[in-house]
Structure formats: C-alpha cells, structure tokens
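J.: Let the hints inform the model, and build the full structure from the sequences given.
Just so you know, the protein sequences line up as chains A and B, in that order.
In our numbering, each residue's number is its place in the first sequence (first place is 1) plus 1158.
In our numbering, each residue's number is its place in the second sequence (first place is 1) plus 551.
Keep in mind that the hints were calculated from the coordinates and are not lab data.
Note that the structure is predicted; figures quoted are calculated from it, not measured.
All C-beta atoms in this analysis are idealised placements derived from N, C-alpha and C, irrespective of residue type, glycine included.
Watch out, some of these pointers could steer you wrong.
Unchecked claim - A short list of chain A residues far from chain B (calculated; beta carbon distances all over 10 Å):
#, residue
1, G1229
2, A1281
3, A1409
4, V1441
Claimed, not checked - Chain B side only, calculated, beta carbon under 7 Å to chain A, not exhaustive:
#, residue
5, S756
6, T757
7, Y873
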Amino acid sequence: VTSSFAIRSALALSACVCLIPELAAAQDSSGVDMDAPGRSSVPAPAVAPLPRLQRRNDHSTQTMAFELRFGPYAPHIDNGVGDVTETTSPGSPCVGRKPGACLYGDKTRYQLGFEIDRQFWRAPHVGTLAVGFGWGFTSRSGPNKAAAVTADATPDDTAMDASDEPEVPIGQKGTLNIMPMYAVGVLRVDVLARELGVPLVGYGKLGLGYALWWVTNGRGTARVAAQRSNGEPVDFVGRDSTFGLQAALGAMFLLDALEPSAGAELDTSMGINNSYFFLEWSVSNFDDKHLDVGTNTWVAGLAVEL
Amino acid sequence: MRWVVPVLNGLSSRARVTLVAACAALAPALLWSAPAGSQTMGGITIGSRITRDKYPDNPSKKWWVSYADCIAGADAFSFPLTLTNTVNTIEVWAGTEDCAARRDDQDRGQCRLLAATPANGEDQITVDVPVRNIVGAPTNTTEPPGVLGDTVCDESTDPAGTKFSFYIMQVNNNTATASAVWDGGTSGTGYDMVGPAAPGSIDLSTGENQLIVEVNGVNTDADRDRFAAYCVDLTPSDGFVPEEGEEIDCSTPELVPGEPARIPACGTASETSTTLSTNTNLLNDHLYAVAVAAQDQLGNSGPLTDVKCASPRELDDYFELYKRSGGAAGGGFCSLRPGVPVAARGAPLLLGILLLGLRARRARSRA
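T.: Rendered as structure tokens:
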C-alpha cells in the first residue's frame, strides 16, 4: 500500500510539474524573443531583481541544472530477507546473520553519480521547477564464504577432505553492483539568493526511483540452480531491477557569492549562471521483494545552472 | 581525364617523347609493391607477400620466432622472389651485418646461412626457411643446416632475443651476383627463446573452481608483458586422502622452480597486477601445485617461482545465501514475476508518454 501510494504521488507530482509550463507559456505573450542573449526562457519574477543582481549584465539563458553527486551508500539489501539458518546452510559461517551483512560487512561504501534537470518554469518569488534524471553507481565486495556442508555428504564423497589440508584463506571475492536511477520533479527555492542576497538555495525532489543490480561471484554473474513448478531445472541469474519512491531535501550554497567576478566571468564565457556546493538527504525506498537496493543517505556535490 | 588531351596537344613532340619515356621508366615501380623493410640490389626482388605458417598472437611481433614456435618446429618463413637473371642457387642468410659482403669472406662474422634452394633457371621462386634454421643455423659455414632438432631451441640465453635481417642472394658459380635484404619492417624480425625473470614469491588463496595467486617481490623488467600461473593437479584419478598429520608434498616434475614453464598456463594477469586469478575450470577439493612465471610479448615463459599448493573448494556467494534465506529477487533485468505491482511496471512508461505528449503539445502551441 505504501509503495503504491508513493508511486501515485510521484506520478501526480510529475504530471503537475509538466502541466505548469503550459500556463507559463500562456503568460509569455509579449512577443519578446526569450532566447535572445541576456534573456531567460525561464520567465522572470514579477518584481525587479535585487540591486546586487541588477548591476550585472552577464545573465545568459538559464534552462538547465547539472549536479555531480557523491556520498555514502548502504543499501537495505537485508530488508525482507531472513537470517541464514542452520537448516538451509548447515555449517555456514553466516548462520544467524543476514546474507548481506555476512558477505559484505558494514564497511562504508560510496556512490558516484550525476543528475541533469530541465528547468521549465520560474515561480515568482519562489524559485524554479524542473524535471530531472539521475544516475549513479555503487558496488560492495567481499570474499565468498565457505559453503554449507550438505547433510548427506560423507568424507568419501570428495577426493580430499578440505579440513585435512593446510589452512588456505578464501581469496575469491563477490561483488554486488547497483546502478540507481531516478526521474524526479525538482523545486529549487532561490528567492533568498535572488531577492535578499542570502547565498542559500533550498530544494526538494520527488519522483520515481529505479535501480538495476547484479551480483558477481568472482567467476562471473552469480547463478542459483532452481526448479520450475513443473520440475524443470532452471538457473536463477543474480540480477534484477526494482522500483520505488525517490525523494530528497537539500540545501545549496551559491559559490558565486564567494567570488562574484568569477561567477560573472563563468556566465559570460561558458554560460554558467550559478554554481553551488550542495548537501542533501536522499531517500530511495525500493520494494524489498526485488531486493531493496535503495538507501537513505547524505549526498554532497557540486551543481551548476546553465 | 579530359584535361589530359589538351595538355598533351600543347606539348612539343620532343616533350611528349620525354614524358612517355619517364612514364615507362616509372611504371614498374608504381605497379610493383615491395614488402616493408626490403631493399633490392641487382636482379633479385622480394615479393610483397612474405608469409609464415603460424603468426604470433601479438601483431607487433609478427616476424619474431618464440620458443613455442621453435619447439613446434612446423613453422617456416616463405619468401616469394622474382629473378631477372638466370640463377643457379638462391641462398638465404641472416645476420646483423652486411651478409652480402660477408658471404665470400673467410670470416663470415655473425652471418649464418639458413637455407639454399636451386633456382633451375626459373624467374619466379618461393624459398621456405624453417624457424629452427632461423634459430639454430650455425655461424661461419657455407653449407645450409640439415633438419635441426628441438635442442636448438634451448641454446639461446638472451631474454632480449636476437634481431637481424634476412639477406637473400642469387649465387652463380659459388659467387653472389645479386642480393635483397628484408628486416621485418616496423616489427623487425628475429628470435627470442627466453622469458623474463621470475617474481620473488607467491601466496595462494582459494576460491570455487579457482585459485587466487598473490605475486610478491615484483621488480621492474622491460621484457615482461604479463604474469602467468601454471597449475598441476596432484590428486590421482583414484582419489587421495592424506594420512592424519602427513605433510603434503607439492613438488611435481612439471613445475621446477627456476626453470621455464613448459605447460600451458592456467591463468594470466597484466604485468602491473599483483593478483592473478586462475581459470575457473579447476576441480574443487583437488590439490593443485601452482607456480608463477613472467612472460614476454611472444609468450616465452621465464623461470618459475617456488611451488605452492592449495585446493579450490565449494563456496557460497551472496546470491546463493540470499536465495536460501528466502529472497525472491533475481532472474534477469527484464524478468516480470507474479506480485510485481502493475503500477510499478508501467509507471516509467506512462511517465515517458506523458512527457512526450506534453512536449508535442508545447511545440504545437508555439508553432
């Protein structure tokens, strides 16, 4: 029920942010060429910009935002999964623990990604609305674990009993690779920066998250032998995709405030209207039936508006 | 070509004759394509299609002979020749100095006669030079070597190999009357029988159907292209269970420390890597002796490290434990299973259609 509500909410938000430009286009009927240099196709606020910005004549068209994102990533892969038990994996060193925690431990791993937004409307005295697409990648690795001993195995079943050999550590490593993606509506509230000279921008994002994941075991993509309902043997491949809610709240610090002349130079030479350092709290709430590879985490990065 | 006729008409008759003569002189040079790295002196030319029976895997060493090539022994270089004079014999020499000048000296220096073939007055002839002759033909003889055994492959000791040029001579009355030279072009030509130095030591760790080798004590070596692991299954076919407390002997005659490996590698890694994973076809619970050697660009194995032994064993990966713990996911990126909410399956599609529709509507309204 929660998942369904989240998806419907995301769809509703996406529909709203996509319909608003139609309203905006209707207001923009003065015949002014909004793509001309110095004009913005994101309609200007109804009031004049603050005096600090009025003195600048370097504003190029602003229609895009780009973020380079980095942060810790601890996927909820053990959600909805039972402990490894003596019944299913007798003798396994993972008995009594969740598979993810046992194989990959709790060491912090990181994600690297980007987001690109299309800004299509400026809400007067508020900020910009945009639709955005994000992509990221993260992986976790750890050595495979000694296999369970099947109940009917005897020492004679193998050419050599492993316990009689010199102790050799396990060097073969498996990896869980996750490629999280999302489509979101983005509201960036930049009224403080534009009208009050405070170099802070708050923002929120809401939409759909989607992630591909795949597991390798050191020899290739992991596989598990299983049986179809008709008894036919089949290999279950260790890869899948999952959907869910994607949301974020964050704050951006306008770097132009540190060096206004450099900001103006970037705008005139490269068309970069604003550059930011940002910090956000990101939530990816995925369905655990298909492996919850989502996470709730901090993300930091650099952003530019173009 | 319409401009040609007016230009020719504008020339004097003397100029026309000169132009035609120049074209006639240049025609053979334009029509005949010499192989890269060849020079011709006199009435013998090497055709452009020099071949060999088996080329190395590395294209940058196309005309080099490795230890494996030499041991196999079936490989030969073939030189297609065009002769403009009546010739008794064609001789193929190899050397690092001018063998055409050295041939009729008492001391032939580094020049070696690799092969001699009667021409019988033919104007087109192909001369084959076996690779063992290239490697093992002796110096300072006037007779071509006979059929050489594989012992010649073990005589070279220089890891850098020996680079030389081929000198192909036409011989009448035991005197070289013309010659052509070929140096292999950009890759050069020669032989290299010896691999690079061994790393200091190795450590083994285990995997499922695989062993992992840590390579230690690696020094810089320009001759080294990669590391190769060599595995020998020590478990007899009838099974083997050591006695309690019995020390396992890892030695095997196929892997002698300090000697080059003479068996196929069971895994390779780049020369910048210190971890090497073997192939994944090893048998679990079988005891394997493992050693590592460096290889050069031709695949020559250097001396082996000390031998260590370990057994691959059955292991659990994350996905196996996840499935055994009741996890339902997996099966492929595009798999659809019962229980997936319809909204979740169709949501991205609906969102995409919505965005495209709105974009088209905006475009229409602008127009």
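J.: List, from low to high, the hint numbers that the structure doesn't satisfy.
T.: The structure conflicts with no hint, since it agrees with every one listed earlier.
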